[in-house]
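Visitor: Okay, here's what each chain looks like letter by letter:
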Amino acid sequence: MDRYINSRETFKFIFFISYLIILINSEDDMPIIYYLGDLLSEKIGISASASRGLIKLSIKEEFGPFKPISDIGIREYQDTFNNSLKKRLQDLKISNSEEIVNLLLKELITHQSLITMEKI
Amino acid sequence: MLIQIIVVINYSLQGVWIVLQLIVATFLSIKVIKTKRYNIIPLILFFFISSLRIISFFMSPSFLIIFLIMVQFPNILLVIFTKLTFFKHKKSPFKVFLIILIIVRFFDFIIRINFQISIPMTYYLEESNLIFYYYILFSITISFLLSHLWLGITALRYYKIIKSSNIEPWIKLRYGLIGWGSFIYTFSIFLYYLIPYDIIGLFAFPNIVYGYIILGFTVCYSLSMYFAWIMPKCLKNRLNKDFQVIEEKEYEEDELLEIVKKELSERNS
Chain G
1 MDRYINSRET FKFIFFISYL IILINSEDDM PIIYYLGDLL SEKIGISASA SRGLIKLSIK
61 EEFGPFKPIS DIGIREYQDT FNNSLKKRLQ DLKISNSEEI VNLLLKELIT HQSLITMEKI
Chain F
1 MLIQIIVVIN YSLQGVWIVL QLIVATFLSI KVIKTKRYNI IPLILFFFIS SLRIISFFMS
61 PSFLIIFLIM VQFPNILLVI FTKLTFFKHK KSPFKVFLII LIIVRFFDFI IRINFQISIP
121 MTYYLEESNL IFYYYILFSI TISFLLSHLW LGITALRYYK IIKSSNIEPW IKLRYGLIGW
181 GSFIYTFSIF LYYLIPYDII GLFAFPNIVY GYIILGFTVC YSLSMYFAWI MPKCLKNRLN
241 KDFQVIEEKE YEEDELLEIV KKELSERNS
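Residue numbers (the working numbering), protein chains in the order written: chain G, 1 to 120; chain F, 1 to 269.
Bear in mind the hints are in silico, worked out from the structure with no lab data behind them.
Everything numeric in this text was worked out from a predicted model, so none of it was measured.
Treat the hints with care, since some could be wrong.
Just the calculated beta-carbon pair ranges, DEER-fashion [claimed, not checked]:
#1 F/Leu191 - G/Gly45: 54 to 62 Å
#2 F/Cys234 - G/Pro65: 32 to 40 Å
#3 F/Ile65 - G/Pro68: 40 to 48 Å
#4 G/Gly64 - F/Tyr38: 18 to 26 Å
#5 G/Ser70 - F/Pro93: 29 to 37 Å
#6 G/Ser70 - F/Leu235: 18 to 26 Å
#7 F/Glu258 - G/Ser70: 20 to 28 Å
#8 G/Leu105 - F/Leu130: 51 to 59 Å
#9 G/Leu105 - F/Val209: 19 to 27 Å
#10 F/Arg267 - G/Phe66: 31 to 39 Å
#11 F/Tyr193 - G/Phe66: 51 to 59 Å
Think about it this way: if two alpha-carbon atoms lie no more than 27 Å apart in a straight line, the pair counts; the simulated DSSO-like pairs of lysine-lysine are [what the hints assert, rightly or not]:
#12 G/Lys106 - F/Lys172
#13 F/Lys95 - G/Lys56
#14 F/Lys88 - G/Lys56
#15 F/Lys163 - F/Lys88
#16 F/Lys160 - F/Lys236
Built from N, CA and C at the ideal position, the CB exists for glycine as well.
Go ahead and model the full structure; you've got the sequences and the hints to work with.
Guide: The structure is reproduced here in structure tokens:
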């Protein structure tokens, strides 16, 4: 029984320590958007900040304004690039929009672990 | 007296890595709820099961069957984590690794339950059963190579790709710690080959020496995982001190599209 109580106390302690660590480590938001935004900027010749804005706008268009961008996973990025971003690039008369979207999708797959690593 | 000291140090070190891994697992569990990064779940289970199996083993010998079941899962979970984090929608040897691991661990379970084989051995094993001892060695080796080494190499390869990219240094360090930690830990398996099968008990010579070195590897691995996943804010700030954080201005849709169009026309003119 004592042993049971001790292990319960140990788990409580570990949980408490972990919670404290989370409180101390405030949120750092450096989404994969920065990386892909730089790439898009290079490909279509606009500033990196405008490219990132374009990606964020496409995400909002795809999933609505209430879904935080930080909650977006790989599948949602793929849908965004294939639908709203592609349409936006076509509307902006970017000649090789299909090729650019494919490159973004390829880079997204290569860098998918960043989505996890930057959020934890 | 000397033996008692050795035993106490051994148990203390065991306690260190168990607590470290439990803290990481609890931390990641809370993070998974907050961030919805569900691919982390196999890693959480890996840390929980790796630690709890030792606790269950020490708590009561009647938990042996639970211990033997728990031993089979951590490496499989680590392979699933590597797949979900680095190779989703991407070609990888995941299926082959998973099938090999399941088969190898299944026979590992059967052998352990029938012959109570452990490394080091806790009883004298007949030479006719020596093949089972070597099978367990083989099983541990395959499990480490397919799980820890795969994760280690994958993380290090990715670390190399992003090393010169404009990504926050603390994120790069996280890859480095996971990569090097897993890579180095893999090689602790070869120490098991040095433990003689006919010398009984962990605290007999030379088992105690190899046991301590393996324990050293495990503590280092747990520490690197601790710092990789629970990187203190002060360390992050220190690593990021030369990193230029991009101040992003939030634009309205029309405003942003105007800027994009303007920049595009400037580029074309």
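Visitor: Checked against the structure, which of the hints given earlier come out wrong?
Guide: Numbers 9 and 13 - these are the hints that the structure violates, sorted from lowest upward.
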